[in-house]
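Turn these sequences into a full structure, and let the hints guide you.
Number of protein chains: 2
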Amino acid sequence: MTTLEIMGQNAKQASRVLMNAGAKKDAALYAIADALRANAQQIIAANDIDIENGKAAGLTESLLDRLRLSEERIEGMADGVTQVAAQNDPIGKVLEGRTLKNGLQIEKITVPMGVIGIIFEARPNVTSDAAALCLKAGSAVILRGGKEAINSNKAIAAVMRDAIEQAGLPRDCVALIEDTSRQSATELMQLTDYLDVLIPRGGAGLIKSVVNNAKVPVIETGVGNCHVYVDASADVKMATDIVFNAKTSRPSVCNAIETVVIHKDIAEAVLPSIKAALDTKNVEIRGCERTKAILGDSVIDATEDDYAREFLDYILAIKVVDSIDDALDHIAKYSTGHSECIVTSDYESANRFTAGVDSAAVYVNASTRFTDGGEFGLGAEIGISTQKLHARGPMGLNELTSSKFIIKGNGQIR
Amino acid sequence: MTTLEIMGQNAKQASRVLMNAGAKKDAALYAIADALRANAQQIIAANDIDIENGKAAGLTESLLDRLRLSEERIEGMADGVTQVAAQNDPIGKVLEGRTLKNGLQIEKITVPMGVIGIIFEARPNVTSDAAALCLKAGSAVILRGGKEAINSNKAIAAVMRDAIEQAGLPRDCVALIEDTSRQSATELMQLTDYLDVLIPRGGAGLIKSVVNNAKVPVIETGVGNCHVYVDASADVKMATDIVFNAKTSRPSVCNAIETVVIHKDIAEAVLPSIKAALDTKNVEIRGCERTKAILGDSVIDATEDDYAREFLDYILAIKVVDSIDDALDHIAKYSTGHSECIVTSDYESANRFTAGVDSAAVYVNASTRFTDGGEFGLGAEIGISTQKLHARGPMGLNELTSSKFIIKGNGQIR
Numbered sequence: 010m011t012t013l014e015i016m017g018q019n020a021k022q023a024s025r026v027l028m029n030a031g032a033k034k035d036a037a038l039y040a041i042a043d044a045l046r047a048n049a050q051q052i053i054a055a056n057d058i059d060i061e062n063g064k065a066a067g068l069t070e071s072l073l074d075r076l077r078l079s080e081e082r083i084e085g086m087a088d089g090v091t092q093v094a095a096q097n098d099p100i101g102k103v104l105e106g107r108t109l110k111n112g113l114q115i116e117k118i119t120v121p122m123g124v125i126g127i128i129f130e131a132r133p134n135v136t137s138d139a140a141a142l143c144l145k146a147g148s149a150v151i152l153r154g155g156k157e158a159i160n161s162n163k164a165i166a167a168v169m170r171d172a173i174e175q176a177g178l179p180r181d182c183v184a185l186i187e188d189t190s191r192q193s194a195t196e197l198m199q200l201t202d203y204l205d206v207l208i209p210r211g212g213a214g215l216i217k218s219v220v221n222n223a224k225v226p227v228i229e230t231g232v233g234n235c236h237v238y239v240d241a242s243a244d245v246k247m248a249t250d251i252v253f254n255a256k257t258s259r260p261s262v263c264n265a266i267e268t269v270v271i272h273k274d275i276a277e278a279v280l281p282s283i284k285a286a287l288d289t290k291n292v293e294i295r296g297c298e299r300t301k302a303i304l305g306d307s308v309i310d311a312t313e314d315d316y317a318r319e320f321l322d323y324i325l326a327i328k329v330v331d332s333i334d335d336a337l338d339h340i341a342k343y344s345t346g347h348s349e350c351i352v353t354s355d356y357e358s359a360n361r362f363t364a365g366v367d368s369a370a371v372y373v374n375a376s377t378r379f380t381d382g383g384e385f386g387l388g389a390e391i392g393i394s395t396q397k398l399h400a401r402g403p404m405g406l407n408e409l410t411s412s413k414f415i416i417k418g419n420g421q422i423r
Numbered sequence: 010m011t012t013l014e015i016m017g018q019n020a021k022q023a024s025r026v027l028m029n030a031g032a033k034k035d036a037a038l039y040a041i042a043d044a045l046r047a048n049a050q051q052i053i054a055a056n057d058i059d060i061e062n063g064k065a066a067g068l069t070e071s072l073l074d075r076l077r078l079s080e081e082r083i084e085g086m087a088d089g090v091t092q093v094a095a096q097n098d099p100i101g102k103v104l105e106g107r108t109l110k111n112g113l114q115i116e117k118i119t120v121p122m123g124v125i126g127i128i129f130e131a132r133p134n135v136t137s138d139a140a141a142l143c144l145k146a147g148s149a150v151i152l153r154g155g156k157e158a159i160n161s162n163k164a165i166a167a168v169m170r171d172a173i174e175q176a177g178l179p180r181d182c183v184a185l186i187e188d189t190s191r192q193s194a195t196e197l198m199q200l201t202d203y204l205d206v207l208i209p210r211g212g213a214g215l216i217k218s219v220v221n222n223a224k225v226p227v228i229e230t231g232v233g234n235c236h237v238y239v240d241a242s243a244d245v246k247m248a249t250d251i252v253f254n255a256k257t258s259r260p261s262v263c264n265a266i267e268t269v270v271i272h273k274d275i276a277e278a279v280l281p282s283i284k285a286a287l288d289t290k291n292v293e294i295r296g297c298e299r300t301k302a303i304l305g306d307s308v309i310d311a312t313e314d315d316y317a318r319e320f321l322d323y324i325l326a327i328k329v330v331d332s333i334d335d336a337l338d339h340i341a342k343y344s345t346g347h348s349e350c351i352v353t354s355d356y357e358s359a360n361r362f363t364a365g366v367d368s369a370a371v372y373v374n375a376s377t378r379f380t381d382g383g384e385f386g387l388g389a390e391i392g393i394s395t396q397k398l399h400a401r402g403p404m405g406l407n408e409l410t411s412s413k414f415i416i417k418g419n420g421q422i423r
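Which chain is which? The protein sequence lines are A and B, in order. Once you know that position 113 of the first sequence is 122 in my numbering, the rest is easy, because the numbers rise by one and skip nothing. Once you know that position 220 of the second sequence is 229 in my numbering, the rest is easy, because the numbers rise by one and skip nothing.
The reader is advised that the hints may include incorrect statements.
No distinction is drawn between identical chains; accordingly, a pair holds when it is met within one copy or between any pair of copies.
[As the list claims (entries may be wrong)] The list that follows gives simulated cross-link-like pairs (lysine-lysine, DSSO-like), each with its CA atoms no further than 27 Å apart:
hint, residue 1, residue 2
1, LYS117, LYS342
2, LYS301, LYS21
3, LYS33, LYS156
4, LYS301, LYS217
5, LYS417, LYS246
6, LYS156, LYS117
7, LYS224, LYS21
8, LYS21, LYS33
9, LYS273, LYS156
10, LYS110, LYS246
11, LYS102, LYS413
12, LYS342, LYS413
13, LYS64, LYS246
14, LYS110, LYS413
15, LYS117, LYS301
Everything labelled a hint here was simulated from the structure, so no lab data went into it.
Dropping the structure here:
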């Protein structure tokens, strides 16, 4: 057996204990939070090595910042774990049930997934965030982080595994793959005998690689080519505020918008207002012919590729359309199915948009930036699913569960 | 673009219409049922060709029987479609909702999957059964049946497509891949741009091939290595009746059992009774040493492979164990996660079994043969999911849906 197969087997064994661990899961989570705080210096020392290696490898300052841990950030990680412990147990909930005519009593209840794999990139805090959610949801987790954070991740995982064991659960409830080669990622994606689901957390490249190589079930997360459509009936100030907020409050995240689609009848009124707001943040505008006709030649020509891209930057594509149908067609063609918004004062337009857009979150008159487990009231999230299977939108504890039927009889045969 | 890519694009277009088709879906289903009846002779003529080809290719009589259509069977197919039409629309249901502190009104509603792929084997009735469920659930469907039934499937699909068009929906709501080469199946498994989910319906070989080759999300169905565990406290007659029913009422289906695990304290009392019942159907018993010690040398030695196999035949493996824990370990090791049953009169044993067995359906004192959408009161099923993602157990209309969040505001920004 390979190292990873042994890890998978151990995780599967641990998951059988976790399946019915009840309040022991919370005890383990509080123990993890305490241990993260108690071992902060040791984790920071490991992180220092990653930072030094990162500098030597020429990582950008923004990547180094994502990578860097401090006492404050470790306190934040511990806090996050505590908050997950305080949530309701998602396991053992009766989802539905009835008594059949033959007397069989049937119930559908939530159960753990089993073993969850998480592949992620540079941020070491994902190690504790993801492990806490999986543990609370009754599943063992196999983590595979990026090579940039390997020393930090190893230190954090070791602290967590010790804490879990001290709380009376198997330390293999949480495991970290220490081999950060591409090969170890591919092997994890194909660990069908042990892995019940794989969740990649990262950029479009990672997600694509997982979709292409995985044999285990995958939940795709996070790629967001999000749109705001400004309807003919929109309030100009509201449209401007929403576009400005959705583009500039945090351009690097998946629920930020990349394209604004504007009805031709309001384009002359709203485009200058949007441009004036975006100019305060030096947002580059890439527009269609009609956008340029209104805003002038400072606007760059938008290409097909611009409408298809997730800029994750201070860049916005704009397209003026003839009708809400054309807006729906544009969104159907280019959206990644994450979050889209209509700004409108028209009842029918609002209804046509919410019915016609096939995305995880569809907004009327509100910023797409709200697509987030915490904002939605679902608690901490493991990611935002942009596929249609299993879960769609922010995935909290409930979305990390499966279900089973329990059927009680007194000798019924068929 | 390849033929299949064009088919995918057309299905995607059709799915956008289906997304909000409401009662038109039912009109199309009733039109399909009428058209199947009206064109029964034409379908039977096409089926005759398949039967002749099948005979020439040396198909077994049982395969030929699965393949054969008659007026009665076509009437059954039409009836099935009508029953699906009569079910409640699974689309547009509000699953949850609340008003957030910032005034945003958030709802999670059911929406169609989009485009569903179905890969299936010999039975031509699957063509109309699966298409009806997908259509009612608001999704376009691309069907890829086995080569043995290709003429029947083409005739059925043509009839359905015409009926759908006459009912005012795009004929591409239902499409059949006419190329039955292995390559067309592989291409369908990798049609990530157009396919939202792929459901294989067939034997273990097909399922394995799909899991190994698919890049689109897959729901695994149907492989059932099911167990009955006879607890020390079991009623001997009830245990015998359940084992007899679960093994012999229809051995070829996935919810039939393959292994009986027996507590050592009841083995001497229950084994002769089980054997006497099974002997009336000439069931071959493959047992462990302790089984042979009680039942004698007519029992064949059970191998590791016997415990792992889905016989789908009049063959039963038996294992005597020391405790319920050993039974749980045996089931965890060999089960495919379909259906398992405990026969017991002990409260704690019942609870330990239902908590400790990680399968789609866990029974106390009832035959595993009840694992079926119709029996569970869920309506017609597209298959029985044995994986943990999205749906587990019988998949009816509700399990063929996805969801989205609709968020209504009045200018909220974050």
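Here's how the hints hold up against the structure:
no.: 1; hint: LYS117 with LYS342; result: between (38 Å within a copy, 24 Å between copies)
no.: 2; hint: LYS301 with LYS21; result: neither (59 Å within a copy, 33 Å between copies)
no.: 3; hint: LYS33 with LYS156; result: neither (32 Å within a copy, 54 Å between copies)
no.: 4; hint: LYS301 with LYS217; result: neither (34 Å within a copy, 54 Å between copies)
no.: 5; hint: LYS417 with LYS246; result: between (60 Å within a copy, 18 Å between copies)
no.: 6; hint: LYS156 with LYS117; result: neither (41 Å within a copy, 38 Å between copies)
no.: 7; hint: LYS224 with LYS21; result: both (18 Å within a copy, 25 Å between copies)
no.: 8; hint: LYS21 with LYS33; result: within (18 Å within a copy, 47 Å between copies)
no.: 9; hint: LYS273 with LYS156; result: neither (49 Å within a copy, 52 Å between copies)
no.: 10; hint: LYS110 with LYS246; result: between (60 Å within a copy, 23 Å between copies)
no.: 11; hint: LYS102 with LYS413; result: both (11 Å within a copy, 22 Å between copies)
no.: 12; hint: LYS342 with LYS413; result: between (37 Å within a copy, 18 Å between copies)
no.: 13; hint: LYS64 with LYS246; result: neither (45 Å within a copy, 74 Å between copies)
no.: 14; hint: LYS110 with LYS413; result: within (21 Å within a copy, 35 Å between copies)
no.: 15; hint: LYS117 with LYS301; result: neither (57 Å within a copy, 38 Å between copies)
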